[in-house]
Amino acid sequence: MFQNRAEALTLALPAATFAALVFVLPVIVLLSGGLHVEGRWTLEAYQRFFADPLNRLVVWRTLELGALVTAAAAVIGYASALAIVDLPAAGKSRMIGLVVLPLMISPVARTYAWLVILGRAGIVNKALMLIGLTDEPVRVLFTQTAVFIGLLQLFLPLMVLSLVSALENMPNDVIPAARVLGANWLQIFVKVVLPLTREGLVTGGTLVFAGSVTAYITPAILGGSKVLTLVTLLYQRVTIANDLVSASVIAFILIVMSFSANLLLNRIATGRSLK
Amino acid sequence: MSDSAYLSLEQLKLAYGKTVAVDRLDLAIKQGELIALLGPSGCGKTTTMRAIAGLLAPVSGHIHLDSRDITRVAANKRSVGLVFQSYALFPHLAVFENVAFGLRLKGMRGKELEDRVQSGLKTVGLSSFASRKPGELSGGQQQRVALARSMVMEPKVLLLDEPLSNLDARLRLEMRAELQRVQKETGVTMIFVTHDQAEALALADRIVVMLNGTIEQIGAPEEIYNRPNSAFVADFVGFENVFRVRAGELDTETGRFALGGAIPREAQGLAWRPSMVELGGGPFEGSVRGMSFAGGTRQYLLDTPLGPIKVEASAHLPTHALGATVRFDLPVSIAAPLQRFG
Amino acid sequence: MTMRQPAIVVLGLLVAFLVGPFVVIVAASLSAGDTLAFPPQGFSLRWVAKVFAEQSFRSSFALSMFLAVFATLAALVLGIPASYAMSRYSMPFAEAVRTVVSSPIIVPGIIVGLALLRYLVAPFGINVVVALFLAHTALVLPYCVRVVSASLDNLRSDVEEAAILLGSSRLGAFFRVVLPNIRNGVLAAFILGFVTSFDQVPVSLFLSGPGVQTLPIDMLGYMERTYDPSVAALSSLLAFLSIGIMFVAERFIGFSRYV
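Protein chains in written order, with our numbering: chain A, 103 to 377; chain B, 5 to 346; chain C, 1404 to 1662.
Among the hints, erroneous ones may be present.
Unchecked claim - Some chain C residues near chain A, calculated using beta-carbon distances under 8 Å:
(1) Val1422
(2) Ile1428
(3) Asn1557
(4) Val1651
(5) Ile1656
To be verified - Straight-line Cα separation of at most 20 Å, EDC-like style, residue types lysine to aspartate or glutamate; simulated pairs:
(6) B:Lys81 with C:Asp1561
(7) A:Lys228 with C:Asp1437
(8) B:Lys17 with B:Asp73
(9) A:Lys194 with C:Glu1653
Simulated from the structure, these hints should not be mistaken for lab results.
Bear in mind that the values here come from a model prediction, so they are computed numbers and not experimental data.
Beta carbons: idealized from backbone N, C-alpha and C, even for Gly.
Build out the structure end to end from the sequences listed, making use of the hints.
Have a look at this one:
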């Protein structure tokens, strides 16, 4: 450790100044736009925003999608992670590679694939008609279900990776020990695995939730204007109505959601390092 | 400071932020001496060493080296070498390049560089390892590379931070001999930091015992070992029975006790090694609470009116059973008189 | 005790769900038909060829490449010294600096884009490409700081002190000893930053203007106008590019350790 404080600040200041000027300051000005209307500080913009049932619906839908995607990712994530950590070393690293890979590929490309799969002439509809479940193509695209599927595919890898590392950090032999003591698989999961991997679940869950509520591409492509979320609503308010006050309100709500998720994540992370 | 001092620290005060680690430290070291800074962790010995190296700027006080004030001289211009506890070899460079690192910075090139590095590696017996990476060496080998890397720079002072602590028992003896040999051959002034009194006693010309950021005692190994001047040093070098003295009597928590002889006037305390306690007769009485066999000797723990007393007796003498009452003596004539207590 | 059978089923479904869509777009992009469909109607490379022929894709690809490379380089130039200061010095306001530097990761991208457009680009008349460059640099900065900091924390600081005591200056020690040892971390940070910038949509959404579009924004616009498989072809090409980068990065620096 070096002591020279002036030297330290000289090294850190360019990055801090840059982030503050290019980033923190404009965002703060934007946020204040919803609180400072016509020369005075007021919560009117917020009251007006929440008075509109459509806006309330969008806030609710955004939270609902976030919660559903997080819950589904947790269930699938546990099943997958438990299977992955059981693999022999070579298979495990290959499998983790397959899980990391989608994260490196453009979300536009990833979401675009669902257009092909869920569209009127897509595989899902063809399969449904082939087995005679329906005569007419079912409308999946531009529904909340489509957005849900797209978001889940986008963020599931983050949950799987968190849970794999949590399971790998679990003390050896606790599962055989519980088995020897007579627990069945459900009891083992609820009483042993879940408590011991709680941090991994919270880390993954926070990433998935924050990602889902702040995503733009997936709701824009798969939901369109029929299934608005907060982010697509913000885009619409700005581009169609040039309504910066609503945009500021939505931005604030989004930052609160993302920030609480991040705060939770940090709380968990520091809790772990203190132990 | 004395004229013969090669390295001297005067009224040195060192701190990390607001935490003072070393205060008003005076120390004079002669050229070619092998000095041990001995003390428990947190006593300031490593901090002192870092200040000599220039890695920590003193709050106040002065450091002189070779009749030059180096207090404000940058670490890279001091000609002070340091062998880190972790060795701190450059992981991306081969052994040869690690040793050549400082020489290259001095502008040395070609044959001269080659020769210097090779002779440095030869001194530590690693000539055939020149092309290995540090990660491929054992701990002992890494340490010898670190030693060679510092020594080829021909430093005025070589500092070593806990040089033996990361080695196993066998390597430790080997490395001890190695350090002594290198020091004898080169005559370099060497200061090493250690918390192990046996290591300090075996290696050093003089030992500096430190506690809580100040020097407790400076002396030759025999002096430290036989005539500790404070309760702390006495306990540190194995005088396990230490008593405060007041008005010519032992002053314990359970009362005052007169001894069979005259206590030196200036003594604040008296200390006995377990082997110095005479068992089987004398003015005191205690009961045996613990006994363990240690080859040539037996060690007893006695419950006595003075408090617990540790005794070491020859295994040839009759055994005292647990619970037995024994008489013992604390002979004043052989006790170490302590000038400071607490 | 064995859970082999269900495990294989679970992993099969996981891979199908995560990787399946790529198989679908790759197949769809090789279709001979005029509209997006799966299974593809016949086989042809006409849509792949169209991607390369499309002027707008070529210019937006160039812009995205330019942004990804230079924004990441700029973020590294800013981020490496900041990471070094936070890792090696007891610095005043360390927490504040860390929060400010990493805030772009917390605030949703669309808000960043809007804020920059309204309060930096519009009032100061900053060129759109410059604005995109600034925005992408800010966006990539937290990733660079995170990955570089992790590498620095893994390198003991006494290695630098050893270099200094052997006569090196502080700066010299950084270039001779620190940088070579965090090289893989810096490369990983570059790749992560590059991919983050290249794939970025929300930040660029408001900042892209007519004629100045990043590739993902261009793709989104194209999708709204036409329903032919050329976006599928482009997506497949990008996916293969990513797979290639990932494969090389994994092979040489063990990339997934740094994600």
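Outcome of the hint check:
no., hint, result
1, Val1422, "holds (6 Å)"
2, Ile1428, "holds (5 Å)"
3, Asn1557, "violated (15 Å)"
4, Val1651, "violated (12 Å)"
5, Ile1656, "violated (14 Å)"
6, B:Lys81 with C:Asp1561, "holds (17 Å)"
7, A:Lys228 with C:Asp1437, "holds (19 Å)"
8, B:Lys17 with B:Asp73, "holds (16 Å)"
9, A:Lys194 with C:Glu1653, "holds (15 Å)"
Of the numbered hints stated above, those contradicted by the structure are hints 3, 4, 5, listed in ascending order.
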